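Sequences listed follow chains A and B, in order.
Sequence positions in the first sequence follow my numbering and run 1 to 631.
Sequence positions in the second sequence follow my numbering and run 1 to 631.
Since the hints were derived computationally from the structure, they do not count as laboratory data.
Be aware that one or more of the hints could be misleading.
Pairs count within a copy or across copies, as identical chains cannot be separated in the list.
Once the Cα atoms are required to be at most 27 Å apart in a straight line, the calculated DSS-like pairs of lysine-lysine come out as [stated by the list, open to error]:
1. K622 x K158
2. K620 x K350
3. K620 x K349
4. K350 x K202
5. K547 x K340
6. K283 x K620
7. K283 x K106
8. K275 x K547
Source: prediction; values computed, not measured.
Number of protein chains: 2
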Amino acid sequence: QMPRGNLETIHPRALVLSAVRRNLDELRFLEAMTAMRRHRINMNLIYDHNPDKFLTNVQLFVQQINNVSHINLFLTDLQEEDVTCTMYTAAYNRSPVTEDSEQTNKVDTVCDALRKALLQEDENKYILCILTSYVKKSTPELEEALLLVRSLRDNPNKNAVISPADALKYLLFLVDVNEMFDVALGTYDFDLVLMVAEKSQKDPKEYIPFLNSLRRLEGSYQHYTIDKYLKRYSRALQNISKCPDHFDECLTLISDHHLYREALPLFTLGSDKYKEIAKLYGKYLIEKKKPEEAGLVYVKAEEWQLALDAFKSCSNWRQAFCMAAKLKYNRENEVDLGQKLANQLRNNKKYMDAAIVLEEYANDTEEAIVCLIEGCHWEEALRRMYKHTRMDFIETNLKPAMVENYESLLESLETMRVDFDKYRKRLKVVREEKERERLEFQESGGINDADADLFSDASSATGESIQSSKSSSSQSSAYSRSTGRTSRNRRKAEQKKWKLKEGSPYEDFALMAALSKIITAVDIMRDEVRGLVKVMIQFNSDKEASKLQETFGGFLSLIDTSIPSIWMDDSEEGEESVVLGPHATANTIAQAVQRGQNLTTKEKLDPIIKNAPSLHKDIKWKLSMLEGAKS
Amino acid sequence: QMPRGNLETIHPRALVLSAVRRNLDELRFLEAMTAMRRHRINMNLIYDHNPDKFLTNVQLFVQQINNVSHINLFLTDLQEEDVTCTMYTAAYNRSPVTEDSEQTNKVDTVCDALRKALLQEDENKYILCILTSYVKKSTPELEEALLLVRSLRDNPNKNAVISPADALKYLLFLVDVNEMFDVALGTYDFDLVLMVAEKSQKDPKEYIPFLNSLRRLEGSYQHYTIDKYLKRYSRALQNISKCPDHFDECLTLISDHHLYREALPLFTLGSDKYKEIAKLYGKYLIEKKKPEEAGLVYVKAEEWQLALDAFKSCSNWRQAFCMAAKLKYNRENEVDLGQKLANQLRNNKKYMDAAIVLEEYANDTEEAIVCLIEGCHWEEALRRMYKHTRMDFIETNLKPAMVENYESLLESLETMRVDFDKYRKRLKVVREEKERERLEFQESGGINDADADLFSDASSATGESIQSSKSSSSQSSAYSRSTGRTSRNRRKAEQKKWKLKEGSPYEDFALMAALSKIITAVDIMRDEVRGLVKVMIQFNSDKEASKLQETFGGFLSLIDTSIPSIWMDDSEEGEESVVLGPHATANTIAQAVQRGQNLTTKEKLDPIIKNAPSLHKDIKWKLSMLEGAKS
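Chain A with its partners taken away, still in its complex shape (with noise of 0.2 Å):
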């Protein structure tokens, strides 16, 4: 029984494709070859039918086709694609393949599967399929075929169909035959290269001179510098760690070509030549801009003054300091690489660091002090007064860095409400606006007539989704004028044009991402807050602490009240849900979906647009001494 339905768009080929098919199923491959064959049905069909089945029968499709010319063609024909959802798919009718199966290579699979058969069945008869089977590989296995090509010429079968000669030439027909000459040359095998060389156009006045060079060279060197002219620089520089006498054109290779990864595991951990590699490879790094790496490679150098200078211009000064003691620094070097290395710390804003660096190696208790007050590392400055009873630093700078730490933070925290107010109003009055222009749109197309009945209005509200998508309204149509681009420049271009101007078309988002940006700076304060607002209790500035905490705690609460209006939660909207009810016409429907079109133009899948920051909110920053008006 013929599947009904499709039928009359397949014409007659339907009823050969049926035949095909009931043939593939009961395994008759010659008989499908066949039709196949006359009626040009792609050859993949005999594998894509069912390719489990024919991955089985594989030996049995040799045998019924028995014809080397007959399995070319079938080899020849195979491509990625699955013609029964392609060519056929009226036919199958099939889903196309799901993306999760495995990603095999059916070309790979069918040749591989194919040339087992055939080694099995028969080497000699069907040579030319087999050296097929290697060409048509997604990576052609040209060497395999080349070697499997020369055993025919070194053992000689008298049984042989084809003359290795002939083999030859049916390989340089599917393949190049300069790309054949190196793959030869990879082999090493100059009889093999001379084979090759002597089918091609090549001029023998030119080649045999370079390979009698080559043919000079010993062992080792000789595969190097092949390997080298084939551009193979893996296998270049794995032969040339062999020539002890060669170090140096194998240091050249390494530079080079940046193999210096791959070099190191071939030489003695700790030997010169080691070391000297990794050595070269510091170099590398450090013109890359990878110091830190650099200083771990001049480590496996044992270059330590070069490590050093390398952690020292990445401020790992722990690092630095052990290789200070590798160099066995004096005194006087240590206290001046540690004022050099607490002076980068400090303007890298890394006070803890900088002071166990002027404590412990400058020998500079006072200026550690100074560091952690600037730092704003309350407890830990008053720690290291106590234990060095240099408490007068209290008085002389912890208090005032205090009152500036606190008055500073007022400040931004004042600053960044009322822009943080300013931006949310103005928002507020941009959605507005664009809503609007949305609806004196929608009603300038003709769907205010709400008499009209309810086909008209379904055609004309889809209709008009196409227009507006297209054109009025100034801000509407910004977000149709970048279409053609990939959508990674478009968003890179857009988030330059989001400006903050007024009546800029993209000002929402600007908006948008200026309030992400204003909270995400606020979330950040907790421990700064929390720290401070400590030290000023301990120093009896309660009031000042408390106003602080409450500013602080006041911000975060808006923010947190704020972000579901802001990123347009669609909890808070609660409209989507009344949608679909008793009252709903194709109108309003269309009307609801078109709302939630809206809300997918590519910019709002923007992640500062999309979605809002995510706050600390498991921070605990709040002392509970100066909440509310009571304890």
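Start from chain A and add chain B according to the hints.
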């Protein structure tokens, strides 16, 4: 001209209203009020009709009405509701108040404005109205009203229309006499109390002795006793703090009502009393499990030992050693404290801090190094080894720990990877099942008749959406199971209900939550992996380092690519955008909406379900030297 349109719904009252509105517009308050009283129109309209206009012309209003009981009628009728948006909305058709407008209290505004006008007009005449305006406020100003009555009594006026006694009587008619008695008592004016008491049903045998006992107490202490009786503890505290002889009672009051924060500023900083209160406060904070805050307060109390204990119990070692310094701990005590704190810190996995304590206070360099290695702080451990020339730890401790850390990291990555793949696959299956069930249900609902006319399609689609949220198919029915509870309770209950067990109703959510947990766990490993990889390279375990980096990097990119499919990124679906087009029918649109609606069930709003965890992509963890095949 009458506004047209809604005329028929207002009945004759519309005419009256129209006249009233005209009168109000033309500031003929008397005519307006007369009509309103006759036709029982809500008095609020006088204000609500045009609030600003009323407030500017309130003096004129008083002059025109010129009648105590009518003004009282207006005052007592006042309510927060805006009658132009409720009762008389038909005549006004105003949009309800925008939430953004300043949240001033209407009743309070009118009371204050009217009182001002009345006082200006004729205080004597309108005394009762003025009293009403005090009582009517959202927080009745009873004390003000009572003081007004007292001033009437104290300064008898010959023109007085109302005797002080009558005024009081009127007041007690408006307010419960017992409440008024307390208010009177709160003025500390015994005459006033007596005046009120006499008008009450109270037994003089009861209140006279009570008042007499109070009368015998001196100044602040008397006031304190009254405040305490009235449960005005803040005022009581203010008053008792002025009685140095009753400090014990003050402390009791503070403890009983936790008034520590209010109490401290009432005493001189650093005085014995201040310290005593701070000490009490510290004790209270300890009880409330706030040891760190208790420590800060004990510092204020200069109770160094108590502060030390408090800081110790919350592992704030920096402050603890400051306190130890204050207490002039000897070496032995310091070592002891150091060991205890180091153990605590180590148990809390604060290895860096523990190492500092061990080295600087417990005098135990070896243990500090061991501790740093335990915490995988490789570079800091190395630094200390070099500093104290104890490089022997590299072989004995660091390298074995490094290998162990490497193995355990790889293992946990492996475990998480297996779970991740399992959950992901299962999630796909569960979702497909759900979708299939939904489609089956939809088909059985009679929507599959594609030839039915659009109107009936639309209605059947909408009807079905109501059903689908209530009935059928195991999973979807579970969604509505918990209706009726509060949203917070429900979410809590559901979180518990999410079970990973196959086939449990919220299995998909449980899977998402589990995936989210794994993602977060992997994401925070960046620093640990980088640290380990660095030390492994340094000690020549390049191969293992490579493997770790590759495994981890592979997992991270798998996570990155999986997130859109787990959290259903809209951009991945791209279906919505096809919904409205020339081929859309009411039917397809309705289905699309329903699809959208399925996505907004309450469970989907749970943060774990709604948003993918945010990754710390900004952390640079990868060493380029271990990347890819080439360096």
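### Task
Please name the hints from earlier in the document that this structure breaks, with their numbers sorted from lowest to highest.
1, 4, 5 and 7
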